[in-house]
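Student: Each chain, letter by letter, is given below.
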Amino acid sequence: MLSRRIIPCLDVRDGQVVKGVRFRDHVVMGGIVDLALRYRDEGADELVFYDITASPEGRSVDRAWVEKVARVIDIPFCVAGGIRSVDEARAVLHAGADKISVNSPALARPALIDELAAAFGVQCVVVGIDSLRETDGEWRVRQYTGDPSKMQALPRRTLDWMEEVQQRGAGEVVLNCMDSDGVRRGYDLDQLSVARAICRVPLIASGGAGAPEHFRDAFVEADVDGALAASVFHSGAIAIPALKRYLHEHGVPVRR
Amino acid sequence: MSVVLVDAGGTNIGSVRYALQRLGVDAALTSDAATIRAADKVILPGVGAAGPGMARLRELGLVEVLRSLRQPVLGVCLGMQLLCTHSEEGDTECLGLIPALVRRFTEAPGLRVPHMGWNGLSILREHPLLAGLGEGEQAYFVHSYAVPTGDWTLAASDHGETFSAAIARNNFHGLQFHPERSGTVGAKLLRNFLEL
Numbered sequence: 001m002l003s004r005r006i007i008p009c010l011d012v013r014d015g016q017v018v019k020g021v022r023f024r025d026h027v028v029m030g031g032i033v034d035l036a037l038r039y040r041d042e043g044a045d046e047l048v049f050y051d052i053t054a055s056p057e058g059r060s061v062d063r064a065w066v067e068k069v070a071r072v073i074d075i076p077f078c079v080a081g082g083i084r085s086v087d088e089a090r091a092v093l094h095a096g097a098d099k100i101s102v103n104s105p106a107l108a109r110p111a112l113i114d115e116l117a118a119a120f121g122v123q124c125v126v127v128g129i130d131s132l133r134e135t136d137g138e139w140r141v142r143q144y145t146g147d148p149s150k151m152q153a154l155p156r157r158t159l160d161w162m163e164e165v166q167q168r169g170a171g172e173v174v175l176n177c178m179d180s181d182g183v184r185r186g187y188d189l190d191q192l193s194v195a196r197a198i199c200r201v202p203l204i205a206s207g208g209a210g211a212p213e214h215f216r217d218a219f220v221e222a223d224v225d226g227a228l229a230a231s232v233f234h235s236g237a238i239a240i241p242a243l244k245r246y247l248h249e250h251g252v253p254v255r256r
Numbered sequence: 001m002s003v004v005l006v007d008a009g010g011t012n013i014g015s016v017r018y019a020l021q022r023l024g025v026d027a028a029l030t031s032d033a034a035t036i037r038a039a040d041k042v043i044l045p046g047v048g049a050a051g052p053g054m055a056r057l058r059e060l061g062l063v064e065v066l067r068s069l070r071q072p073v074l075g076v077c078l079g080m081q082l083l084c085t086h087s088e089e090g091d092t093e094c095l096g097l098i099p100a101l102v103r104r105f106t107e108a109p110g111l112r113v114p115h116m117g118w119n120g121l122s123i124l125r126e127h128p129l130l131a132g133l134g135e136g137e138q139a140y141f142v143h144s145y146a147v148p149t150g151d152w153t154l155a156a157s158d159h160g161e162t163f164s165a166a167i168a169r170n171n172f173h174g175l176q177f178h179p180e181r182s183g184t185v186g187a188k189l190l191r192n193f194l195e196l
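First to last, the sequence lines map onto chains W and D. So the first sequence is numbered by the UniProt record's numbering: it starts at 1 and just counts up by one. So the second sequence is numbered by the UniProt record's numbering: it starts at 1 and just counts up by one.
Be careful, since some hints might not be right.
Not everything, but these chain W residues come out facing chain D in the computed CB check (under 7 Å) [unchecked claim]:
#: 1; residue: R5
#: 2; residue: A70
#: 3; residue: R71
#: 4; residue: D74
#: 5; residue: I75
#: 6; residue: F120
#: 7; residue: G121
#: 8; residue: Q123
#: 9; residue: Q167
#: 10; residue: R168
#: 11; residue: G171
#: 12; residue: P202
What the hints contain is simulated information worked out from the structure, not anything from laboratory work. Nothing here was measured: the structure is a model prediction, and the numbers come from that model. Using N, Cα and C, we set each Cβ at its ideal position, and we do this for glycine too.
Work out the full structure: start from the sequences and follow the hints.
Tutor: Laid out in structure tokens, this is it:
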């Protein structure tokens with residue numbers, strides 16, 4: 001049986017892993033390779049590295065650390081950050097990343113998703129969606145969320161975008177529910193459940209994990225394939241082996 | 001021992017190469033026929049689509065070279081599928097070294113394609129490639145097309161249907177999952193291959 005995945009997310013800024021609350025006020029958590037090895041040893045199923053300032057700064061991800069991670073890590077990892085073209089994606093994949101994730105550049109030019117899927121196959125192409133509920137009750141996407149001064153609200157409805165990215169060739173979707181990000185009150189089960197109903201590819205929950213039961217709820221109630229979290233892992237508030245033991249005891253299939 | 005990685009444009013070549021380095025083996029990346037023929041072990045990695053993969057092998061003049069090899073050969077992911085007779089993906093004629101037809105996962109409610117993540121391995125046939133592998137140990141998969149089970153199947157996995165996770169026929173071997181990204185399980189199988 002396919003295991004549900006636990007995915008620590010490492011936000012990268014200036015060559016180090018950082019963590020902010022609601023995308024602001026970043027503090028340094030440690031070195032990229034050190035943290036990657038720590039999570040690998042603890043039993044993480046996959047890692048995601050977001051070069052959070054690449055897109056707002058108009059540059060692509062720094063490939064030197066991608067190669068360093070690829071040399072030492074024997075679990076899959078995905079790299080995101082300002083990948084705007086097939087050539088940039090190829091460089092990141094050739095540096096050793098297993099998947100690339102696009103977010104802001106895909107909103108700016110949706111055909112990027114088609115091009116990446118055609119060049120590398122859908123299994124390499126992850127689309128990240130940053131989504132926020134607005135006062136009219138609709139979830140809409142945000143662009144350039146890595147830098148609060150550059151973040152933009154778009155008229156696009158999250159669910160419309162989720163449908164479109166699948167048609168264009170997304171092989172996986174990471175739905176980051178910004179209302180709950182960094183505040184540790186649990187994943188946005190309402191939004192994830194609605195998204196799950198229209199998502200035919202693997203769906204990864206992001207934003208809000210604070211306790212083991214939040215992971216269980218995302219897997220059991222929203223039926224997501226993976227759950228991504230950052231601060232609870234970086235701070236040591238949740239240890240991955242204990243989390244997996246808890247999930248196993250609650251009937252969620254996990255790799256142990 | 002000389003180990004070569006066939007450079008057929010797969011994006012996971014770097015990862016496979018690093019995984020071999022972690023086992024103390026420095027594999028050369030090559031598309032040179034003479035180098036491939038002279039190697040003790042040949043690995044055909046691959047991530048991408050079957051059509052472009054075969055087209056690249058043809059352009060490089062490697063189709064007959066690969067078919068004629070007598071030393072142990074290992075195809076990984078798409079590389080394994082290319083060892084088969086035919087792939088539904090782009091209606092592609094493959095190398096024909098394992099008499100299997102590669103098919104897309106059958107659509108079913110709640111079944112997510114690509115099959116992505118860690119899944120258990122069920123051993124169907126004893127083989128040195130799987131030495132030391134425990135029943136149900138997990139490996140990392142990422143694929144939308146799969147090889148059905150048959151005489152060639154060493155280990156199977158499940159995703160809506162049972163499919164081949166590891167195959168072998170004569171000197172040709174294939175792993176549908178990514179040993180280079182499957183932790184200690186993957187390292188064990190790569191080491192087994194190097195010791196064949």
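Student: Answer holds if the nearest beta-carbon of chain D is closer than 7 Å to that of R71(W); otherwise answer violated.
Tutor: Nearest chain D Cβ about 5 Å off; hint holds.
Student: Taking 7 Å as the limit, does the beta-carbon of Q167(W) come near enough to a beta-carbon in chain D?
Tutor: Violated. Min distance 14 Å.
Student: So, as I understand it, the hint says R5(W) touches chain D; can you test that by seeing if any CB pair is closer than 7 Å?
Tutor: holds, 5 Å
Student: Against chain D, is D74(W) within 7 Å by beta-carbon distance?
Tutor: holds, 5 Å
Student: Is the hint on F120(W) kept, meaning its closest Cβ partner in chain D is under 7 Å away?
Tutor: holds, 6 Å
Student: Under 7 Å is the threshold here; is the Cβ of G171(W) close enough to any Cβ of chain D for the hint to stand?
Tutor: holds, 5 Å
Student: With a cut-off of 7 Å, does the beta carbon of R168(W) approach a beta carbon of chain D closely enough for the hint to hold?
Tutor: violated, 15 Å
Student: Would the stated hint for G121(W) survive a check requiring a Cβ distance to chain D of less than 7 Å?
Tutor: holds, 5 Å
Student: Would the stated hint for P202(W) survive a check requiring a Cβ distance to chain D of less than 7 Å?
Tutor: Given a least distance of 5 Å, the restraint on P202(W) holds.
Student: Does I75(W) hold up as a contact with chain D if the rule is Cβ-Cβ below 7 Å?
Tutor: With a closest approach of 6 Å, the I75(W) hint holds.
Student: Does the closest beta carbon of chain D sit nearer than 7 Å to the beta carbon of A70(W)?
Tutor: For A70(W), the interface hint holds, since the closest Cβ of chain D sits about 6 Å away, which is under 7 Å.
Student: Against chain D, run the beta carbon of Q123(W) and see if the smallest gap drops under 7 Å.
Tutor: holds, 4 Å
Of the hints listed earlier, those the structure fails to meet are numbers 9 and 10, in rising order.
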